[in-house]
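Trainee: Guided by the hints, dock chains B and C onto chain A, whose structure is given.
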Amino acid sequence: MQSTLGTALTSLRATKPLIHNITNVVVTNFTANGMYAIGASPVMAYAKEEVADMASIAQGLMINIGTLTAPTVEAMFIAGEAANQGKTPIVFDPVGSGATPYRTNTAKKLLTELSIQVVRGNASEIASLIDDSVTTKGVDSDTALENAQEVAIKVAKEYNTIVAMTGEVDIVTDGSRVLTVSNGHPLQTTITGAGCLLSSLVAAFIASNDVSLDSIVAALATYGVAAEIAYKETPVKAPGSFQQYFLNALYEITEEDVNDRSKVEEVTS
Amino acid sequence: MQSTLGTALTSLRATKPLIHNITNVVVTNFTANGMYAIGASPVMAYAKEEVADMASIAQGLMINIGTLTAPTVEAMFIAGEAANQGKTPIVFDPVGSGATPYRTNTAKKLLTELSIQVVRGNASEIASLIDDSVTTKGVDSDTALENAQEVAIKVAKEYNTIVAMTGEVDIVTDGSRVLTVSNGHPLQTTITGAGCLLSSLVAAFIASNDVSLDSIVAALATYGVAAEIAYKETPVKAPGSFQQYFLNALYEITEEDVNDRSKVEEVTS
Amino acid sequence: MQSTLGTALTSLRATKPLIHNITNVVVTNFTANGMYAIGASPVMAYAKEEVADMASIAQGLMINIGTLTAPTVEAMFIAGEAANQGKTPIVFDPVGSGATPYRTNTAKKLLTELSIQVVRGNASEIASLIDDSVTTKGVDSDTALENAQEVAIKVAKEYNTIVAMTGEVDIVTDGSRVLTVSNGHPLQTTITGAGCLLSSLVAAFIASNDVSLDSIVAALATYGVAAEIAYKETPVKAPGSFQQYFLNALYEITEEDVNDRSKVEEVTS
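Chains as they are written, first to last, in the numbering used here: chain A, 1 to 269; chain B, 1001 to 1269; chain C, 2001 to 2269.
Next up, chain A with everything else stripped away, as it sits in the complex (with noise of 0.2 Å):
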């Protein structure tokens, strides 16, 4: 499989696909500047007065509870109806899950009051919408969870979306299939944003392949490679110089890059 998964990359710049980002404020600017790296075309829109609009002429919607707010979270369902009315695919960015309960309910009233396709997330975030036995502490969470693999299944089936669950191995599933990706870099886990952006990204290769688990892998695998070139190309292995050239890995990297070097498994079971 590994050896056609740059063909997603080489199609999402082909379609440069419109992603209308709800998301928080933290990462907004990273996130806009690596849509744009990567060759996706990202829009930030969050009045209830135009999300609707936004959401119908996007390709892709993907929405980040980082920092939610009340007026947010009505955007939030006005343009998450109006991409299930026009079979726009929606990625969910659970951030924070577990860490309050308004962000946990949110999520869980996301996921059940619209059709989301991917849900993208680390372990504890996706162990919270189905258990509310997890806290997360605050929106980081590098708990591996030993079930994962269990949890990301579960949570899957229970809201009929895909489930990629990130850290140092992600694991996709749609609750019968369950592959995994190797790649990547821990310095990634050192910069704001890292998850968040990927989730754009997500969106952008479902907008411009099709929501699918190889779709999916294919962003992952990509995401987690470029910031292996990243790690190499910078002349500082620290946040700072890593960031930049994390951009400037997903500028310049190719389907080739993505085909020789992701590292995809199948989960048998």
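Hints in this document: simulated from the structure, not taken from any laboratory. Hints should not be assumed to be uniformly reliable.
[Unchecked claim] What follows is a set of in silico ranges between Cβ atoms, one per label pair, in the way DEER data are often shown:
1) C:Lys2263 with A:Glu113: 49 to 59 Å
2) C:Glu2113 with B:Ser1115: 39 to 49 Å
3) A:Glu113 with C:Thr2007: 44 to 54 Å
4) B:Lys1087 with A:Glu256: 54 to 64 Å
5) A:Asp131 with B:Pro1101: 37 to 47 Å
6) B:Thr1007 with A:Glu113: 57 to 67 Å
7) B:Pro1101 with C:Lys2263: 55 to 65 Å
8) A:Glu158 with C:Lys2087: 37 to 47 Å
9) A:Pro71 with C:Ser2115: 22 to 32 Å
10) A:Lys16 with B:Asn1147: 21 to 31 Å
11) C:Asp2131 with B:Ser1176: 47 to 57 Å
[Stated by the list, open to error] List of simulated lysine-lysine pairs, DSS-like, C-alpha gap at most 27 Å:
12) B:Lys1263 with B:Lys1237
13) C:Lys2237 with A:Lys237
14) B:Lys1109 with A:Lys48
15) C:Lys2048 with A:Lys108
16) B:Lys1016 with C:Lys2237
17) A:Lys87 with A:Lys157
18) C:Lys2109 with C:Lys2157
19) C:Lys2016 with A:Lys237
20) B:Lys1232 with A:Lys232
21) B:Lys1154 with B:Lys1109
22) B:Lys1237 with A:Lys16
23) A:Lys87 with A:Lys154
24) B:Lys1108 with A:Lys48
25) C:Lys2087 with C:Lys2154
26) C:Lys2237 with B:Lys1232
27) B:Lys1232 with B:Lys1263
28) A:Lys232 with B:Lys1237
29) C:Lys2237 with B:Lys1237
30) B:Lys1232 with A:Lys237
31) B:Lys1263 with B:Lys1157
32) C:Lys2048 with B:Lys1048
33) A:Lys237 with B:Lys1237
34) C:Lys2048 with A:Lys109
35) A:Lys237 with C:Lys2232
36) B:Lys1048 with C:Lys2109
37) A:Lys48 with C:Lys2048
All of these numbers come straight from a predicted model, not from anything done at the bench. Where a beta carbon is used, it is the ideal one built from N, C-alpha and C, also for glycine.
Mentor: Just chains B and C now, with coordinates in the frame of chain A:
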């Protein structure tokens, strides 16, 4: 004319004008850093409780609807009225106008109810201000309007303002005279906020010089030459490094650089 | 004293304190990245529905009024009360206080109604907290108050807090003892958020050490030494590159760097 444009930059640095920005959440950080880099003094303030006070102590006001919401639009009108009363120049950036009715209508209302000295946008955004048939693809549009110059003149006359329509070749007009600026580099289109920051710089240039075609042309030429320097200096020709070197170039660019490299022409009709 | 200040940094990295930031939209990304770089765990949360919960699980709270709006101010009070109840230390950054009555009044109200452990600001912001005659030029002020030390002491006594008044020479006082820190580099003033990030770092230092003059002085010295290292390491002495190398330096700075280079003095009265 090119030989003296750089004096406007020197004047800006001597004046260090305080510019009140009501801008979008994607570009706030980049805008502030770009303004500091060139030598201006940016302030961001959005609360209706204070925007009139802030606009009153500022030497210029920049309004940008990139992520408009109802409370922010209300603040734009309050700040704009205070600026008008104090004869403080206003620059308006109609980000994404044409993409949704809310954006287009808000843009037109701002231009109608306030006295706005400069409108800076790309071709499709500017066109949307007079033509309801123009549809913008999100907030990006590289559509080269064939009749760009005509549209710019029409918008300038319609709203009694100066239009700076930027792209590969920038067009600046007050409705009668037309000037073009041909500086810049394509990598500018790969970083978010390149246009938004320019709108704030235009506000700084007119605040520290005067509200004139020459001051605006000087801002555009300075910005374009800085981009050319950034491209030359950056060791990696990719967005992450380019963005950093662009900020460096705005800090390092001299009056002589602008005088030597600016490509400005007056269009004779 | 200088010889052991670095231990506070080591303690911070061992503790990795979760700091809840209610900050401004200009600096959120830079603040989060700076916090990760030094080894803290930042979270941003603004909704009144969750800020009490978030402040309750955090080890420190940082409040910054740089782009205050009524909903955010309401959230600041709710979070602040939760922090006070849980004995969680609060750092307050009165960005732009003195520029508009709304800012000045909000700053004073926060200091009066909440128990705030540290106030970090520049000279004119600090002065505005007791003196209505002080007018800030936007959010920047390099005005060297002649009586800076007196003002800092007065504010510390008035609000029963520790004041960290930063500038070319930082002044830290609890109203009786006065310490100065003389580290840092002028390029810090050319990037936005240098002061705001410092306020969040102070919160991380007191959360992982204790609420004391020494912990705060350690934070200021660490930050200043990191800026000095950044200036030395960056290949281009300009804001774009400096910002990147500043993040690198916050990541790479060691206990020994702080011990060797910090310039701290106690002022004897």
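Trainee: Confirm or reject each hint.
Mentor: Hints, one by one, checked against the model:
no. : hint                                 : verdict
1   : C:Lys2263 with A:Glu113: 49 to 59 Å  : holds, 58 Å
2   : C:Glu2113 with B:Ser1115: 39 to 49 Å : holds, 41 Å
3   : A:Glu113 with C:Thr2007: 44 to 54 Å  : holds, 51 Å
4   : B:Lys1087 with A:Glu256: 54 to 64 Å  : holds, 59 Å
5   : A:Asp131 with B:Pro1101: 37 to 47 Å  : holds, 43 Å
6   : B:Thr1007 with A:Glu113: 57 to 67 Å  : holds, 60 Å
7   : B:Pro1101 with C:Lys2263: 55 to 65 Å : holds, 59 Å
8   : A:Glu158 with C:Lys2087: 37 to 47 Å  : holds, 39 Å
9   : A:Pro71 with C:Ser2115: 22 to 32 Å   : holds, 30 Å
10  : A:Lys16 with B:Asn1147: 21 to 31 Å   : holds, 25 Å
11  : C:Asp2131 with B:Ser1176: 47 to 57 Å : holds, 51 Å
12  : B:Lys1263 with B:Lys1237             : holds, 23 Å
13  : C:Lys2237 with A:Lys237              : holds, 20 Å
14  : B:Lys1109 with A:Lys48               : holds, 18 Å
15  : C:Lys2048 with A:Lys108              : holds, 19 Å
16  : B:Lys1016 with C:Lys2237             : holds, 21 Å
17  : A:Lys87 with A:Lys157                : holds, 20 Å
18  : C:Lys2109 with C:Lys2157             : holds, 16 Å
19  : C:Lys2016 with A:Lys237              : holds, 21 Å
20  : B:Lys1232 with A:Lys232              : holds, 23 Å
21  : B:Lys1154 with B:Lys1109             : holds, 17 Å
22  : B:Lys1237 with A:Lys16               : holds, 21 Å
23  : A:Lys87 with A:Lys154                : holds, 25 Å
24  : B:Lys1108 with A:Lys48               : holds, 19 Å
25  : C:Lys2087 with C:Lys2154             : holds, 25 Å
26  : C:Lys2237 with B:Lys1232             : holds, 17 Å
27  : B:Lys1232 with B:Lys1263             : holds, 17 Å
28  : A:Lys232 with B:Lys1237              : holds, 17 Å
29  : C:Lys2237 with B:Lys1237             : holds, 20 Å
30  : B:Lys1232 with A:Lys237              : holds, 24 Å
31  : B:Lys1263 with B:Lys1157             : holds, 26 Å
32  : C:Lys2048 with B:Lys1048             : holds, 19 Å
33  : A:Lys237 with B:Lys1237              : holds, 20 Å
34  : C:Lys2048 with A:Lys109              : holds, 18 Å
35  : A:Lys237 with C:Lys2232              : holds, 17 Å
36  : B:Lys1048 with C:Lys2109             : holds, 18 Å
37  : A:Lys48 with C:Lys2048               : holds, 19 Å
Comparing the model with each earlier hint shows no violations; every hint is respected.
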